[in-house]
Amino acid sequence: MSILEVTNLKIHFPIKTGLFNRTVNHIKAVDGVSFQIEQGKTYGLVGESGSGKSTIGRGVIGLEKITSGKVIFNGVDITSKNSNRKEIRKNLQMIFQDPYSSLNPRKRILDIIAEPLRNFEKLTKKEEIKRVEELLELVGLSKENMMKYPHQFSGGQRQRIGVARAIALKPKLIIADEPVSALDVSVQAQVLNFLQDIQKELGLTYLFISHDLGIVKHFCDEISIMYKGRYVEQGTIEEIFNNPQHIYTKRLISAIPDMNPSNRDKQFRLRKKVQQEFDQRYHDYFDSEGLAYGLKSVSETHLVALQEDVEKVW
Amino acid sequence: MNRKLLEVKNLKTSFYINDGYYAAVDDVTLTVNENEILGIVGESGSGKSALAFSVMGLHTRAKMEGNIFFNGKDIVNVSKADLNKMRGNEMAMIFQDPLTALNPLMEIGAQISETFILHRPNMTKKIRKDRVIELLKMVGIPRPEYVYSQFPHELSGGMRQRVIIAIAIANQPKLLIADEPTTALDVTIQAQILDLIRELKETIESGVILITHDLGVVAEMADRVAVMYAGQIVEIANVYTLFKRPLHPYTRSLLHSMPTGGQDKLHVINGIVPSLKHLPRKGCRFAHRIPWMGAETHEENPILHEVEPGHYVRCTCYKNFSFQEDESKEA
Amino acid sequence: MWKFIVRRLVITFPQLILLSVLIFLLAQAMPGDALTGLVDPNIDPETIEEQREKLGLNKPWYEKYIDWVGGVVQGDFGQSFRYKMPVTDLIEERIVNTFWLSVTALIFTYIIAVPLGMISGRYNDTILDSSIAGYTYIGFATPLFIFALVLLWIFGFHFQWFPTGGSVAPGLEPGTLEYVMSRIQHLILPALSIAIIQTVSTVQYLRSEIVDTKQKDFVITARAKGASESRVYNRHILRNSLLPIAAFFGYEITMLITGTIFVEQIFSFPGMGQLFIESVLQRDFSVVNAVVLLFGAAAILGALLSDIILSMVDPRIRIK
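The listed protein sequences derive, respectively, from chains A, B and C.
With our numbering applied, the first sequence has no gaps in its numbers, which climb one by one up to 372 at the end.
With our numbering applied, the second sequence has no gaps in its numbers, which climb one by one up to 1221 at the end.
With our numbering applied, the third sequence has no gaps in its numbers, which climb one by one up to 324 at the end.
No lab work stands behind these hints, which were simulated from the structure alone.
Treat each hint with caution, since some may be false.
Stated by the list, open to error - Okay, derived cross-link-like pairs now, EDC-like style, lysine to aspartate or glutamate, Cα gap no bigger than 20 Å in a straight line:
(1) B/975 with C/233
(2) A/324 with B/1089
(3) A/324 with B/1085
(4) A/286 with B/1085
(5) B/1155 with A/296
(6) B/1155 with A/259
What the hints assert, rightly or not - Heads up, incomplete: computed chain B residues facing chain C, CB under 7 Å, no partners named:
(7) 974
(8) 978
(9) 983
(10) 990
(11) 993
(12) 1000
(13) 1004
(14) 1005
(15) 1007
(16) 1008
(17) 1010
(18) 1037
Note that CB positions come from ideal geometry on N, CA and C, so glycine has one too.
All chains should be built: construct the whole structure from the sequences, respecting the hints.
Quick look at the structure:
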């Protein structure tokens, strides 16, 4: 059963201008996106800055107003007004990009982690401390840390504190928005491993938002590539990396630096070739507004945004 | 073998923190040859950027010891006026964040022209403008005549980084220092900028110091690589050697922790990078991150050993280093 | 950019109207009216009532407001009870005095603020910076009216370098050089006392802007180009730091108004501030209304002016 089902999601921001701040147009940050995530899986949203990947995550959790479309979480339509927001909020949590600014510097770790508990569960002081202790242990920090403040921790530790806060209510789905991109390579590894561990332990589902294809390849089961608010390609890791169909996907993949120095000329030539194809066949992949076409199935799980039928356009 | 362009000898750059000076760059020795890219890799706090700023003489409140010989002059002891004659002329720098590295109130053209005004005072206004437009074309900016009179905020991040590169190469410097030139950019833009830097290096035949935390970038770009940890170079080698036969435990750990696909779990290095104030100043600085290696495996005063021609490794602990299962437990 | 200015102007109008309504209502709320003090108490109430009706004093407040605003727009602020002359004539000569006092004070303010702020910001955390900071703290702590008194006593009475009151020496022919010099001489001391005290916030503001800008990346870019320190400061840091100071200009005008009120009183300088205090004390309400309205309008226009200046010097706003 899919735990999150997003259908034709649109999030548009008005552009205001002129003397009277009239809305003259909209930025289509997310423009008709559909996907679903199976319980216990990790779904990756990949794209460059401005692609709308973060807006999707923020829309799903309610930080951004949804223009139209349906978001069904755990069987409940969370876009409808009479859905139980409280229940949803409990089961849906978010981890943010910057471990330095997403924790309140004036609060102790105890208060930071206990905050969601205080909002949703009536616990005695003793129970609360016990739960925070358990959570800290789960994220690999000792309970002596409870009375410390965020600045006393390293970036990786802070990100784990953020995770402890996110899992405090035993949510079903965690939206992780670039959770490791502010971290050093070695710390990045630590946080990624840890996210995988607690996923197994708690049966979590992730919506993993990232610009880093290397990490996505390592971490996700299924991914989608976004470009200017639309999907250009969606599929399993194998399908996207071994058989990319859309020129934009090819471009992204060819841009990943190769860790083997002997391949550098090959990579350089590959990038030149992809760029050539991008320039020459641009209109096979993008419409007159420079946006991706609707999705077409390549296989059961693999979808690509291509023109319906190139002949017909003739 | 190309001619030596830059020679850094026992450089120590210290900053004043609260109660005294602490060295961010500690006893670094390296050379850069003409027409070569030297990659410097390290995590935050390794001192790689402090090293780059030292070479450019850009630290305003640091204590510098040792020597940096460039074109026969020692940057550490040169006068401010002489340094200004070299900067932007014989050596130049590309910065990390294109969004903040340009003056927001100055037209693009004026910002590039400034390097000519400073170093080619006899150039006429007309020629200067032609040269700037030529440069903009060279770094791949479309409609250069138009961009000439635009302001930074009107350009995308990738375009701004091209402008910064144009400023850097304006006077065809012998030495180009690129400090994380693509960290703030999207992947596809990163590839374009890196390709551009490589092409430009070929045309102006300069030596390049490429500073990055991204091992992938180094693998694609560098001829030689220096790995920095806690202010020191722990390993330096030809790029092929370094990725094929890394020796120092830190280099090996770092490579091991990169997601390359196929691993079930990523490698995690034990412990954390100590802050500048709490760096171990004696013995092997990496020792506490590999605690299962006994004290006898380290040198008392670790030095760089040449293990094969051009391949240097600090300390002796690399000799019988092996990874330990699950290092990730909290220290 | 004109679009921005037009939009800014459009916002200014409701501000001015709101201001005039507020002032009018406040005046209405005061006890008594134009006839209260003027009429012989022995005249019978019916005649007074008749007079009231004739003068329009019994109309509802909004009609009276419209009458008043109608007059104001044509430059008619009504009649002063005390001076028995049109408020407009009364204000006319004083507004010129206050204008020149403000301009002189502004010039002094910037003459003091810019170099001190620059030195303080460039050499921050040195002894020089600390002494400038000391001056600004003293400036913040010293009330203007006491400082002005001290200056008046020292340079006016003790050394007698400057006149101690008025706006010009009596008996001089307007238009002659002597007359102009005398006016300037009368301006210097009051203007200086305003400037020396009120400039301290600008000094501190400029200092913190420079300290801030100094650490920006583009300054490093400039150094890496090989620019000398003085060029780095003059070409790159200063312009970026002066920008917010321009935005501060409107606030400066509001401060000037408060400044002139005190200082004109102390130096018995015949300006708007002095007029304001006098007419408040004598309950000359039509004058108070006019003065407050003009002060308020000056503050609003000051804010408008700084926005326009900012939009002209900052390309990030200019484009829109």
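Unsatisfied constraints (hint numbers, rising): 4, 12, 15, 17, 18
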